[in-house]
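Same order as they appear, the protein sequences are chains Y and S. Per full-length UniProt numbering, residue 1 is the first one in the first sequence, and the count goes up by one each step. Per full-length UniProt numbering, residue 1 is the first one in the second sequence, and the count goes up by one each step.
If you're looking for bench data, these hints aren't it; they were derived computationally from the structure. Don't take every hint at face value.
In silico EDC-like cross-links for lysine to aspartate or glutamate, where the CA-CA straight-line distance does not exceed 16 Å [stated by the list, open to error]:
(1) S/455 <-> Y/174
(2) Y/344 <-> Y/266
(3) S/15 <-> S/4
(4) Y/455 <-> S/409
(5) S/344 <-> S/449
(6) Y/6 <-> Y/57
Chain S regions said to be covered by chain Y (calculated; three or more residues, Cβ under 8 Å) [unchecked claim]:
(7) 93 to 104
(8) 158 to 165
(9) 182 to 195
(10) 264 to 273
(11) 385 to 398
(12) 429 to 439
Chain Y is faced by these chain S residues, among others (derived, beta-carbon under 8 Å) [said to hold, decoys possible]:
(13) 25
(14) 375
(15) 443
(16) 481
Glycine is no exception: its CB is placed at the ideal position from the N, C-alpha and C atoms.
2 protein chains.
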Amino acid sequence: MHPDLKPLTAGLAAKFASLAGPHGALEAPSEILPYTQEPRGLYHGVSPLVLRPATVEQISAILHLAHEERIAIVPQGGNTGLVGGQVPFGGEIILSLSRMNRIREVDAAGNTLTVEAGATLAAVQEAAAAAGRLFPLSLGSEGSCQIGGNIASNAGGVHVLRYGNMRDLVLGLEAVLPGGAVIRGLKGLRKDNTGYDLKSLLIGSEGTLAVITAATLKLFPQPAEVATAFVGLPSLDAAGAFFSRASEGAGPLLTAFELIPRAILDFVFRHLPQHRDPLAAHYPWYALVEISSPLANGVAQRAALSILEAAMEAGTVADAAVAASEAQARDFWRLREAIVEAQKYEGGSIKHDVSVPVALIPAFIAEATAAVEALVPGARPVPFGHFGDGNIHFNVSQPVGGDTAADKDARRAAYLARWDEMQAMVHGIALKYGGSISAEHGIGRMKVDALAAIKSPAEMALLRGIKAAFDPRGVMNPGKVLV
Amino acid sequence: MHPDLKPLTAGLAAKFASLAGPHGALEAPSEILPYTQEPRGLYHGVSPLVLRPATVEQISAILHLAHEERIAIVPQGGNTGLVGGQVPFGGEIILSLSRMNRIREVDAAGNTLTVEAGATLAAVQEAAAAAGRLFPLSLGSEGSCQIGGNIASNAGGVHVLRYGNMRDLVLGLEAVLPGGAVIRGLKGLRKDNTGYDLKSLLIGSEGTLAVITAATLKLFPQPAEVATAFVGLPSLDAAGAFFSRASEGAGPLLTAFELIPRAILDFVFRHLPQHRDPLAAHYPWYALVEISSPLANGVAQRAALSILEAAMEAGTVADAAVAASEAQARDFWRLREAIVEAQKYEGGSIKHDVSVPVALIPAFIAEATAAVEALVPGARPVPFGHFGDGNIHFNVSQPVGGDTAADKDARRAAYLARWDEMQAMVHGIALKYGGSISAEHGIGRMKVDALAAIKSPAEMALLRGIKAAFDPRGVMNPGKVLV
C-alpha cells in the first residue's frame, strides 16, 4: 500500500457514510460480505465500509474526502472481475456503483446511448434493442456485470472481431478524479481530436485512476438476418484455414468465430445434460460461427452455406449444423456459454487469458498443451475462446482422480497451488509468439508482478507517471495494475 | 517555449548532425526551406537544422542528446498538417522521418502490416493491396502525407464511419521517448489489456510526447464489390434522413457518406473544367455514397439501388447516378477531392474542422451559416465533409470582388485577418451542439488557446501531467497542443 495512506477511523467512516446519502452506506459485516467475495472464490477481501452513492455529486464529495484524508477506495461494479481488481485486499472502502444505474438517454438517430456506470451490460443491451439498435458487447456475465466495470476493464467478449473491445465502443465518459473534480466528457462524437486521449486512458485503468460514473456508447443498426453455424473441425490447423476463409468470404458480416475443443464439450454433456451435441459424430475441435447481414434477403444464410461448402471441399471443415431457427441458434450459444460452468465440475482449473496473433494460435496451443502436460502429468488443457481475436482462454483442469471428499479438496488445493508456476510457463510461451499475458481480463491484482516483468523500465516509469498525474496520493484501488 | 530549453550552438548542431548518420543532416537554408513552409502557406517556420535519420538507433541517440542538452525538437512527417503542428516556430531542430520509410512486414493471414513512420499513406495502401488486403485510411493528401504523421495526428478521412479513425487502425507502436528509451510495442494483437493504454495516448499526441518510428496496422479483406452513388438532395434535412436510411439499410456495408454543397461544385466546374457534373439538374446538396460488399454477387449494387429507390419515394433523394464502372466511381471521387483545390481559386478561405452529433448537422450548418454571413456580409460558406462521422469542414470563402491584382491581395489579407474572430464564433456554435472544435486535424499551434478555453482546469492539469511524465524537460514539439 502507498506509504502515505491512512487507516479509516470511526469518525471518518461516519463522514464517508453521510456523504453517500440515505441508505448509501453498508457497515454490517453480513451486508459487506458479498462485496468482498468474488464468484470464482479465488480472492477474499476485507472492508469496513461499502458506500453506495446515487449521484455524481456524492461520488465527488467522497473522492474529495478520500484524497484529503488519504483514505483508499476500491471502486466496484458487478463484482465479476476475474483478476481481483475489484477486491479490497487491504481493508479499503468499497465504492459500489450499483445504485448509479440509470439509462440517461438513447439517441437512435445518432446511434448513441448514455448510461450510468452501475447499469448491467444486459440492461444496456436491452435499452438499445428497445430502440431498434444493437449494443454489441456480449460476454458470459452480462446479466450481472456492470457497464462501468466493463469500461474500467476494457471488456472483450464474443463480438470483438467485428465491433472491437469496449474501448472501441465508448464515445464519451463522465468520471470523478481523486480530489473530487468531475470530468464531463459525455460527448457522442465519432471524431474529436482535442488533446491527449484521456478517455482511452481511463478505459482499462481498472479503477486506479478515477471513478467512471457514466458513458456515452456507440450503437449499431440491428442486423436484419443472422446465420449461426456449429462447425466440426478435423484439426486445429484446419480451424486457422477455415477462419481465413470465413473472414475473407464474409468480411464485416462475420460477427463471431469461437473455438471449442471436444474435451470441454464432453465436460458439458457429462454435467449439464440439458445440452445436446449439434453434430452426430465427434471432432477434435469446433467453431461457433455467426454471420450477420443488414439485408433481409437471405444473404447471411447464403454466405454461410457458401463458405461452409468451400471449406468442406477443401477439407478444413468436417461437418456443420446451420441453425434453422432462432431457437436453435440460441441453443448453440447456450452450449458455448455452458463451457465455463462445466469446468467447475471437473475440479480445479488453472486459467489463462492470453492472446497471440491469429495465425499463430495452432502453434501456441500445441506448444502450451505439451508444456502443461509435462509440468503436471494428467492435467487436462481445454483451450477455448475468441479465435478471431487471437484470444485463447487456455484453461487447464486438474488430473482425474481423488474419490473421497477429503481427497478431493486436498488434490484440488494441491493442483491450484501450482497456478503461478503454470501461469509463468504459459505466459512465457504466449510472449514467445508475440502475444499478451492479459487479453481481456486485465491486470488487477493477479498479474501485477507479471506486468512489471514484461514492461520495460521506461514503460513502467510512464505508467507510474500517469498514475501520479491522476492520483498523486495513491488512494484509487491501491495495489492493482501497479504496486 | 519551456523556460529551461537551450539554444542550439554550432558545436551541438554538429553533434546532432553526426548522430543522424551519413547524409542525415541538412544545414543549407535552401535545403531547409521546404521543411519550414507548409502547403497552405498559413505558417512560416524557421529552423537551423533538419535531421533525417535512417534508423531507430539514430533517433534514440538524437532524443538522448536533445533531452540531455535541453534542445527542442519538432518531429515532421509529410508536412501536410493543417494546424501548424509540424512547423518549427521557435528555431527548433526538425526531425524528419522521411528516410524511415520501409514496409517491414505484411502478414496477410494475420491481417496486419508493419511499417516505418516515414512511408506515405499511399505506399501503405499499395502494400496492403499487393497482399490482397485493404488498409482503409484514405484522405486527400495520401500521396504525400506519412503514416507516422497520420498516427501522431489521429487522422480521419472518408472511411471513418466504417473503419474508424487512425487510432482504431493501429495495433502496435514503436516509439522513442525523450531521453532515448525505445518503446517496442509492435504487436499485432486484437486484444491486449496490459496496463494503461500508452498506444492510444501517443496516437494523436502530435509529436509532443515521443517520436513514433513504426506501427503495426490493421488490415481488412478487400471488398469484392463496391457500389458508388452520386446523389442529389433537395435539402440538408433530407441529407440527414437519407443518411439514416443508408446506415440502417447497409449497416457495415456503408463505407462512405460525404456531403457536398452545390456552391462548391460551382467552384469546381468554374476552375477545373476537366470535371463533369454527374447529374443533369442542380440540387442544393449532394452526397457521395459508397457501399462495399464482401460477396461478389451484386449485393452492393442491389443494396444501393434499393436504398436509393426507397429514399426517392420518401422524397429525401431527388436524383442519383450510380457508377456503372470503376472508372466512373473514380470520377465521382476525383470530383469530391477537387473541392479542396477549387476553393483556392475563390480567394481566401477561413477553415473550420468541427464535428457535431450526426443528427444535429443540419441545425449546426444552418446556424453557423447565418452567423458567418452576418459577421462578414458576402462571405460564402461551403460546408462539406464526412457527414456520417458528424465531421463538417465548415470552410468560408471570401466575398466576391477585388478585380485588380493589388486589390485582390489586400482584400484577401483583410478577410483572413478575421480568422480568429470567425473561428471563435463557429467553434462556439459547434460546442453549443455538443460538438468538437477539432474533429480530425488536431490542435497543433492553431488551436492551443482554443483547447485551453474548452477544457476544465482538471483536464488541463491531467494533460500537463501526462506531458511531464513523457517529456519532463519539454523538448518535444514545444508550444503545440499545450503551451
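Tested hints:
no. : hint            : result
1   : S/455 <-> Y/174 : 14 Å, holds
2   : Y/344 <-> Y/266 : 13 Å, holds
3   : S/15 <-> S/4    : 20 Å, violated
4   : Y/455 <-> S/409 : 57 Å, violated
5   : S/344 <-> S/449 : 27 Å, violated
6   : Y/6 <-> Y/57    : 24 Å, violated
7   : 93 to 104       : violated (count 0)
8   : 158 to 165      : holds (count 5)
9   : 182 to 195      : holds (count 12)
10  : 264 to 273      : violated (count 0)
11  : 385 to 398      : holds (count 5)
12  : 429 to 439      : holds (count 6)
13  : 25              : 27 Å, violated
14  : 375             : 24 Å, violated
15  : 443             : 6 Å, holds
16  : 481             : 6 Å, holds
This entry does not satisfy hints 3, 4, 5, 6, 7, 10, 13, 14, going by the numbered hints stated previously.
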